[in-house]
Amino acid sequence: MAPPTPSSHRPRKKRKVAISPGSNNNLILDLGDGKQSPAFPLVSFLWAARAGVSQWLILPLVLMAVGLFRWAVSLWGYSGFQVPPMHGDFEAQRHWMEITTHLPLAKWYIYDLQYWGLDYPPLTAYHSWLFGKIGSTFDPTWFTLDASRGFEDPRLKVYMRATVMISEYFVFIPAVVNFLRRYTRIQGVHAWSASIALVAILLQPANILIDHGHFQYNTVMLGLVVASLDAILAGRMLWACIFFVGALGFKQMALYYAPVMFAYLLGVCTFPRINIPRLVSIALITLASFALLLAPLMAGASNADARKAFASSPVPPLLQALPIMLDKNSVTYGLLFQLTQIIYRVFPFARGLFEDKVANAWCAIHTFYKLARFDATLLQRASLGATLASIVVPCAIIFRHPRASLLLPALSAVSWGFFLFSFQVHEKSVLLPLLPMTLLLAGNGGLSKETRAWVGWANILGSWTMYPLLKRDELRVPYIVMTLLWAYLLGLPPTSFEIYRSRPSPEDSNAYLEPRTLTTLLHLGFYLAMIAWHILEAFVPPPPGKPDLWVVLNALIGAAGFGIAYLWCMWKLYTQCRQISRQITEEESQKKKQ
Amino acid sequence: MADLYPSLAQCAIVAAAFKVLLFPAYKSTDFEVHRNWLAITHSLPVQEWYYEKSSEWTLDYPPFFAAFEWLLSQTAAYADTAMLVVKNLGYDSWQTVYFQRTTVILTELVLVYALSRFVKSTPLPNKQAAHVASLSILLSPGLLIIDHIHFQYNGFMYGILILSIVLARKQSTLLYSGILFAVLLCMKHIYLYLALAYFVYLLRTYCLSLKSVFRPRFGNIFKLGFCVMGVFAIAFGPFAQWGQLLQIKDRLFPFSRGLCHAYWAPNIWAMYSFADRALISLAPRLGLPVNPDALNSVTRGLVGDTSFAVLPEITKEYTFILTFLFQLIPLVKVWFNPGCWDTFVGAITLCGYASFLFGWHVHEKAILLIIIPFSLIALKDRRYFSAFRPLAVAGHVSLFPLLFTAAEFPIKTIYTVMWLVLFLFVFDRVAPVPERPRIFLFDRLSLLYLTISIPLIIYCSLGHQLIFGWDRLEFLPLMFMSSYCALGVVGSWVGFMVVYFTS
Chain A
1 MAPPTPSSHR PRKKRKVAIS PGSNNNLILD LGDGKQSPAF PLVSFLWAAR
51 AGVSQWLILP LVLMAVGLFR WAVSLWGYSG FQVPPMHGDF EAQRHWMEIT
101 THLPLAKWYI YDLQYWGLDY PPLTAYHSWL FGKIGSTFDP TWFTLDASRG
151 FEDPRLKVYM RATVMISEYF VFIPAVVNFL RRYTRIQGVH AWSASIALVA
201 ILLQPANILI DHGHFQYNTV MLGLVVASLD AILAGRMLWA CIFFVGALGF
251 KQMALYYAPV MFAYLLGVCT FPRINIPRLV SIALITLASF ALLLAPLMAG
301 ASNADARKAF ASSPVPPLLQ ALPIMLDKNS VTYGLLFQLT QIIYRVFPFA
351 RGLFEDKVAN AWCAIHTFYK LARFDATLLQ RASLGATLAS IVVPCAIIFR
401 HPRASLLLPA LSAVSWGFFL FSFQVHEKSV LLPLLPMTLL LAGNGGLSKE
451 TRAWVGWANI LGSWTMYPLL KRDELRVPYI VMTLLWAYLL GLPPTSFEIY
501 RSRPSPEDSN AYLEPRTLTT LLHLGFYLAM IAWHILEAFV PPPPGKPDLW
551 VVLNALIGAA GFGIAYLWCM WKLYTQCRQI SRQITEEESQ KKKQ
Chain B
1 MADLYPSLAQ CAIVAAAFKV LLFPAYKSTD FEVHRNWLAI THSLPVQEWY
51 YEKSSEWTLD YPPFFAAFEW LLSQTAAYAD TAMLVVKNLG YDSWQTVYFQ
101 RTTVILTELV LVYALSRFVK STPLPNKQAA HVASLSILLS PGLLIIDHIH
151 FQYNGFMYGI LILSIVLARK QSTLLYSGIL FAVLLCMKHI YLYLALAYFV
201 YLLRTYCLSL KSVFRPRFGN IFKLGFCVMG VFAIAFGPFA QWGQLLQIKD
251 RLFPFSRGLC HAYWAPNIWA MYSFADRALI SLAPRLGLPV NPDALNSVTR
301 GLVGDTSFAV LPEITKEYTF ILTFLFQLIP LVKVWFNPGC WDTFVGAITL
351 CGYASFLFGW HVHEKAILLI IIPFSLIALK DRRYFSAFRP LAVAGHVSLF
401 PLLFTAAEFP IKTIYTVMWL VLFLFVFDRV APVPERPRIF LFDRLSLLYL
451 TISIPLIIYC SLGHQLIFGW DRLEFLPLMF MSSYCALGVV GSWVGFMVVY
501 FTS
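Note that the protein sequences, when read in sequence, are chains A and B. Under this note's numbering, the first residue of the first sequence carries the number 1, and numbering increases by one thereafter. Under this note's numbering, the first residue of the second sequence carries the number 1, and numbering increases by one thereafter.
Just chain A, with the same shape it has in the complex:
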C-alpha cells in the first residue's frame, strides 16, 4: 500500500537485521523459538549495534563512556595526598614537571636526588617538560622551583588528572583502537565482536585504578607497546622498532616485553630465509631511535655549564668503572657523564630483590624461608637465572615461528615470567602481563567462555593484589566499583557464575571453548579466597606481632594465581603454535596433491 506521500515525507527503509556469526565467540544465546539473548551484559549494551551500525557512531560513544568512568575515578584520592614529607607518585610526577621546566637539561638527572630525583627514561622527562610548560601558563605557582614541593590544590589536581587523560587519549586509545581493528580483521572476528572486546579492554580495572586513581602514566608506555604491535601486524617492522624504543624510553618497565620483541624481530629476519638487509635496517633504526631519544639530553650536556654542574655531583658508578681516564673538561666527559648518570638512575641495581609485599615468587619464598640470609649478588644471579629460565621457551617459540598471532600469548607469558621472577618488581607491574593477556579478548574465540574466564580471572586477581596499595590511596570505593563493574559486564564471578556453567550447544562444535572442570574449580577457589580475604581484612584485625599478615596472605595467593596465569599463557601459546603448524602442513599437503 502506497500512501500519497508529499516530498518531505521520507519513507524509512526497514533494515533487515543480520545476525552476525561472531566467529566462535558465542555472543548470542539461542533461547529457542526464535528468541535470542546476549551471552553476558556487555553484549547486551552493544546489542543494538549488532546489525552493523557505523563505527563512526559506536567508537565516539564508547570512547566517551570509558572516558567518563576514568574521569569519575580521578575524582577520588591519589597516592601521597596529604602525606608529607615525601607524598607519593602524584608529587613525583609534579616534581618532574617542576624540575624539567626550570632546570637546564644537564641538571635533570642530578638535581636533589633525595627528593624524587628523576629516575624514568628521557621520554618521561620530555613529557613532564611539555605538561609542565602548559600547566605553567594556567598557574606558574604549581611548578615553582623548590617552593612548590608538596603543593596540593584542587585545581592542580584537575590539571594533573587531565594530563593523564590527554596522554592516554593521544597514545593508548588510538593505539588500541587501531590494533584491534587490524588484529580482528586478521583473526576474522566480526566488527561487532571487536567493539565488545574494545569496551572490555578499555574498561580494564587495573589500568584505570593505577593511572587515574593512584596516579601514573603507564598507559603511555603501554600504548606505545600496542602501537608497536599494531605496526608488526601491518608488517611495518621499522615503525614497530621506533614505537618500542619509545615505550622503553618512556618507562623502563617495557623491558618485560623486550625479549619477545627481540626474538620476534630476529625470527622475522631468519625464517623462512635469512634476510640480512632487514636485520641491518632494524638494527640501524633501533639505534637511530635511541640516539634521537637521547639527543636533546646529550646536546644539553655538551657545553661548559653542564660540565660545571657535573663537577659538583657524584660521579655515576658506571663511569667510575670505565677503564679509561677522561679529561673532566672535555665534551666527551660531559656526554658520558650524562649517559651513565641516566642509566644509573633508570636501572636501580642498588635496591633490594623486591619491594614491599608483591605477589611474586621471591616474596612468596621469603615468607617461608628468609632470603635476607643470602648475599645480594647471589640473589641477583638467582633472579636472573630464574627469569631467563621462565622466558626462554616462549622466546624460542616466537623466534622459530615469528607469527603475529602468537605475539600476544608470548608477550603475556614472558611478562608473567618477569613479574614472577625478576628483580625489583612493583605490584603495579602486573599491568604489563595483564595488557597482552586482555588483548586476547579481541582474538578469534577471545570472548568465548574459556578465554573470557581466564582473562577475566587474571584481571580481577591482578586488581585484587593491588588492593593494599589502593587502600593506602583512599581508593577503596573505586576499586570495588570498577572491579565489580568489569566482572559484571563480562559475566564473571562474583556477579555471575554463568561462565562456568556448561550449556550443550546444538552443533556442539565449540565444546573446546568451554571451561573444563579443573579450570572451574581452580577459578572458583581463587574467587572464594579473594572474597574471604576481603572479609578477613575488613573485619578481623591481624594478630599482634604480625601486622602485615593479611597483606602477606594477599601476596601469597596472588603469586600462586599469577603462576597459574603464566602456565595458562604458555599452554595457550603452545596450542596456538601447534594449530598453526598443523594448518601449514595441511596447506602443504593440499598443494602437493594439486
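Keep in mind that the hints were calculated from the coordinates and are not lab data. From a predicted model like this one, the values you see are computed outputs, not experimental measurements. Please note that a few of the clues may not be correct.
What the hints assert, rightly or not - Below, in silico cross-link-like pairs of lysine-lysine (BS3-like), each with a Cα-Cα straight-line distance of 25 Å or less:
1) A:K370 with A:K328
2) B:K87 with B:K27
3) B:K316 with A:K35
4) B:K211 with B:K170
5) B:K127 with A:K35
6) B:K223 with B:K211
7) B:K27 with A:K157
8) B:K53 with B:K87
9) B:K249 with B:K53
Use these hints to put chain B onto chain A, whose structure you have.
Leaving out everything else, chain B in the frame of chain A:
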C-alpha cells in the same frame, strides 16, 4: 521481535556504578539543605519542623517530603549521628556524604520500577520505542547533574510522577493515578504546575461518562474526592490541628523572590531581560526612558528583584495570568478527547512548558518538568520527535551553569553530549513515520538549531576564556547560552503546540 536490550536493570546497574564513583564530586548547598532537614525531622517534634530556623535552609517542602526525610534519618543514625544535629551546620563527614548520596541512588529505584511499568503497559508494536524512551529517562543527564552531583531527590519523585501517569493509562487504575499524584503534590509542590492537566483529565475521564459530559459518575466522583481529600488530610491535617497552615504556606511559597532565578532559566523572561539589556544601548537613539537603578542587576545574575531598564516591569499577576492561560489551551483538547492517554501526557507536557516559560522565579531545574513527561510520548511519531529534539539539547545544556567547578566540567559536558548523540540517533531510528506530513520548515530549523549547539558549547566552555581571558566579559557566555537555550525551549514549545493540535 522484542529485543529489549540492554534492559532497564542492566542500565541501572552500570549507571549506579558511575553514580557511586561521583560520591566525591562537587555538591551544592542543596546537600546541606537536605542534611539539615534530616537533622530537623530526626531531632525535633513534628510541631517544630516548620518553625526551626537555625540554618538559613529552612524546611520548605510539603509534609510528605519531611516524613520521607524522617524515614531516611532513622537509618542515617547508623551512618553518622553527628549529621542529625541541627546545630551542625555545613557538616559533611564522608559518612554523611556516602549516606546521602546512597539514598539518592537507592530511592531512584522507584523511577526504575515506574519505567518498567511504563514499558509493560505499552502495547507491543510500540514496546521498543517505549523501552528506548525509558532508558533515555533513566540515563538522563538532567537527573545525573541535578540529583547525583548537585544533589536532590528528583529521580525518586519523577518516578512517582511517571508511575501515576502510567496508572492513568487504564480506566481501572485511574483512581490510583489520582491518589499517587496527590501524594506527589504533598511531597513537592512544584508539581502543582501539572495539577490542572490531572484535574481536567480525571474530571472528564473518570468523573464524567466517556460518552456524555452530562452524565456524571457519582461513585467515581465520591471515590476520587474522598481519596484525594484523605491524602491531603493526612499530610496537612495535623498541621491544621496545630494551627500551622499559614506558617507552612509562607514556607512553601516565598513570594519575596524575584522574577528570574540566580542563573537565568531559559524562559520567556530570560529573553525579555535579554531584550531589555539590548535596548539599553539603543534606548537613547529611540528616545526611550531608561531606569538607572536597573543598569547593574540582571547580568550579574544575583537572586533578587530583576528590574528592567527600558521594558515595562513584570508583576506576579502577569506571570500567573499568562501561565494559567497557556495551560488552559491544551486542556481544551483533553476535555474533548476523554480517555486519550497520549493527549493527557501531551497536556502535562504543555502545562510544564507554560509554567516553565511564564512562571515566576522559575529554576532551571524545572526543565525536567517538561523533558520527562515529553520523553514518554516523544517517540509517538517523527513529528513529536522533531519537536522534542531542540528541547533535549536546550534543556540539558541549560543545566550546565549549575556545575561550575573545573573537575565536574568534563563530566557534565561529555555525559550530556554522549546522551544526546546516543539517544537522538536511536530515537531517529525508532520513531515511526507520522500519519501526516512533517512541517518542512520546522524540521530544517530544528536541524540548524542542533548544528549551532556544537560551536556554541565549545565557545562558551573553552573558546571564550581563550579569546578574552578568565575575567573579561564573563557574562557573555552565560548570556549566549541562556538566550540560545530559551530559543530552543520556546521553539520546541511552539512546535509541539502545532503538533499537539494537528495530530
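Practice problem: Report the numbers of all earlier hints that the structure fails to satisfy, in ascending order. | Solution: Going through the list in order, the structure violates hints 1 and 3 and respects the others.
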